[in-house]
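Undergrad: Residues per chain, in single letters:
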Amino acid sequence: MNKITNRQVICDTLLEAAGTDEDIVVVCSDSRGSASLSAFAEKYPAQFVEMGIAEQNLVTVSAGLASCGKKVFAASPACFLSTRSYEQAKVDVAYSKANVTLIGISGGVSYGALGMTHHSCQDIAAFAALPDMRVYLPSDRFQTARLMEALLQDSLPAYVRVSRSATEDVYGEDMDFTLNRANVLMEGEDILLVACGEMVPAAFQAGKILQEKGCSVGLLDMYCVKPMDEETLLAAARKAKVVVTVEEHSPYGGLGSMVAQAISAHCPRKVVNLALPDGHLVGGTNTEIFAHYGLDAEGIARACQEAMEECNI
Amino acid sequence: MDELTKKAYRLRRDIIEEVYRSSAGHVGGDLSVIDILTVLYFRVMHVSPENWDSPDRDRFFLSKGHCADALYMVLGEKGFFDKQEAIETFSAYGSRFIGHPNTEVPGIEMNSGSLGHGLALGVGAALAAKMDGRDYRTYVVLGDGEMAEGSNYEAMMAASHYNLDNLCATVDWNRLQISGATRDVMCSDDLGEKFASFGWNVIPVEDGNDCGQLLEAYEQAAAVKGRPSVLIAHTIKGKGVSFMEDNKSWHHGVMTKEQYEAAVRELEEVCNE
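Chains as they are written, first to last, in the numbering used here: chain A, 122 to 434; chain B, 8 to 280.
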């Protein structure tokens, strides 16, 4: 069981890069601890800006810093970053094409028991709708590291959502990674699973369950929700009979909506969207919430079987 | 009349041309803020087409972005682009001279127009200067109606927390906004006290349409160390065109041909004095 969180990986990547690049700046909103960025603040205090609990200011000040050549990484809980400071993200980061990477920590239902105020199940829909904003939900620690390394090399706006807890490994140190290219984890002809973020390990386990039952399963890790890798998606979807999307998000405007939009336009077939419901969510740990709504390996496998039965596969 | 004030009046004449041709813009605020912009761009700030690519240029953010019409005239006059193009195409289909500052127009640092963003952009630019040990200064111009936006107070807090003495804000305090008197819409009479309580050095400018007073205030601001400064510039909305002065209906009013001709006559009289 992996114990290293994706937020820790983000800090490690930034620590390594900041040593040779003084323009890298981390900005937090009393969130350095939650973001695992305390080590960065201690090692590079001159490259760390504390904004206090003021997410609007966090984002606009980050854009102001970027306008003067800084490479800014602004980290705050995804629930606040994607709602309280949404207009700042739209205007100051996306519209002005600022070199700011917004890091939404403790995304989705990471803060499960804290209630809806602390959930961010609308962030994909919100940020994907902003022109010039990219949306990434890396799955495991290896992919998170490669993604951060890639984002350090460019100067465009991005939103990265990570979970609070550690995610099971899907890849290894030698993983293939190309920015904006989905990772093909399984190839199959009955069903295609498309997942992002923390749902990828669960979908991977679900894929194994289905394979054991004799099903031919494909699985895509669509960590790059926007720009979505339509080429890889459509190539895999054309081989499959049913497509099932899995995301830690509302059923509207997220990965499922975007996958369905692409598939219905280019290679129509049944698309089933597994997501959190449009409603007040049950309280509990994220693991308990996932199980409750069928977003664990067994639930995903079950939903896939039902979808195949409906299609007489 | 001194040359700077005369320049501001000539720019008023340009603004009238621009907004009349387009039937767009925010003429009342343009005419209240134009002296502030003129003093900043022609006396105070070190920014021009020649040093635009230099990291040491002074930074400017127009937080009350709806007065882009006025800013375009100043930037055109400064040589960033052909001013006549802005006059002729302002708000027209396909024009880069849209109703709020945008970075497709040379001389604009960042897009703005949604109120309550400029001060925080300024905090970011001023922080970057401190980090890099650069001497440039950052100027932000806000409206008084805009001060109802809560994000301004987050930025005020941060500017003072980080002792940003390289940041200078100006509030174009013309006391009117789209619905009426700012005092009635959301009172900001004690704006100076608010800034002071947030740790800012506050410089009231009795006549914010007087270039001499503004220049003196900016010199004072630059001399203050350890904290940010703000000019509370008491201006008159619609200043320079008598029928527009202090009248809320000219927040974004559109002139008839007769009104346009009267405005031009009045402004040209001053310019030809």
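Source of the hints: derived by calculation from the structure; they are not laboratory data.
The structure displayed is predicted, hence computed values, not measured ones.
Where hints are given, some of them may not hold.
Stated by the list, open to error - Far from chain B, some chain A residues (derived; all Cβ distances over 12 angstroms): (1) M172; (2) S188; (3) D213; (4) K218; (5) A247; (6) A250; (7) D295; (8) M296; (9) Q326; (10) L355; (11) A356; (12) K362; (13) H413; (14) D417; (15) A424.
As the list claims (entries may be wrong) - The calculated lysine-lysine pairs, modelled on BS3-like cross-linking and capped at a C-alpha distance of 25 angstroms, are: (16) A:K391 / A:K347; (17) A:K164 / B:K137; (18) A:K218 / B:K255.
As the list claims (entries may be wrong) - The calculated label-pair distances, taken between Cβ atoms and stated as ranges, are: (19) B:E10 / A:G140: 44 to 54 angstroms; (20) A:T299 / B:Y100: 37 to 47 angstroms; (21) B:R234 / A:M237: 53 to 63 angstroms; (22) A:E208 / B:H53: 43 to 53 angstroms.
A virtual CB, placed ideally from N, CA and C, is assigned to each residue, including glycine.
Undergrad: Indicate, hint by hint, whether the structure satisfies it.
TA: Okay, the hints, checked on the actual structure:
| no. | hint | verdict |
| --- | --- | --- |
| 1 | M172 | violated (6 angstroms) |
| 2 | S188 | violated (5 angstroms) |
| 3 | D213 | violated (6 angstroms) |
| 4 | K218 | violated (8 angstroms) |
| 5 | A247 | holds (16 angstroms) |
| 6 | A250 | holds (16 angstroms) |
| 7 | D295 | holds (37 angstroms) |
| 8 | M296 | holds (35 angstroms) |
| 9 | Q326 | holds (44 angstroms) |
| 10 | L355 | holds (34 angstroms) |
| 11 | A356 | holds (37 angstroms) |
| 12 | K362 | holds (46 angstroms) |
| 13 | H413 | holds (37 angstroms) |
| 14 | D417 | holds (40 angstroms) |
| 15 | A424 | holds (42 angstroms) |
| 16 | A:K391 / A:K347 | holds (22 angstroms) |
| 17 | A:K164 / B:K137 | holds (19 angstroms) |
| 18 | A:K218 / B:K255 | violated (35 angstroms) |
| 19 | B:E10 / A:G140: 44 to 54 angstroms | holds (53 angstroms) |
| 20 | A:T299 / B:Y100: 37 to 47 angstroms | holds (40 angstroms) |
| 21 | B:R234 / A:M237: 53 to 63 angstroms | violated (41 angstroms) |
| 22 | A:E208 / B:H53: 43 to 53 angstroms | violated (32 angstroms) |
Hints 1, 2, 3, 4, 18, 21, 22 from the list above are not met by this structure, while the remaining hints are.
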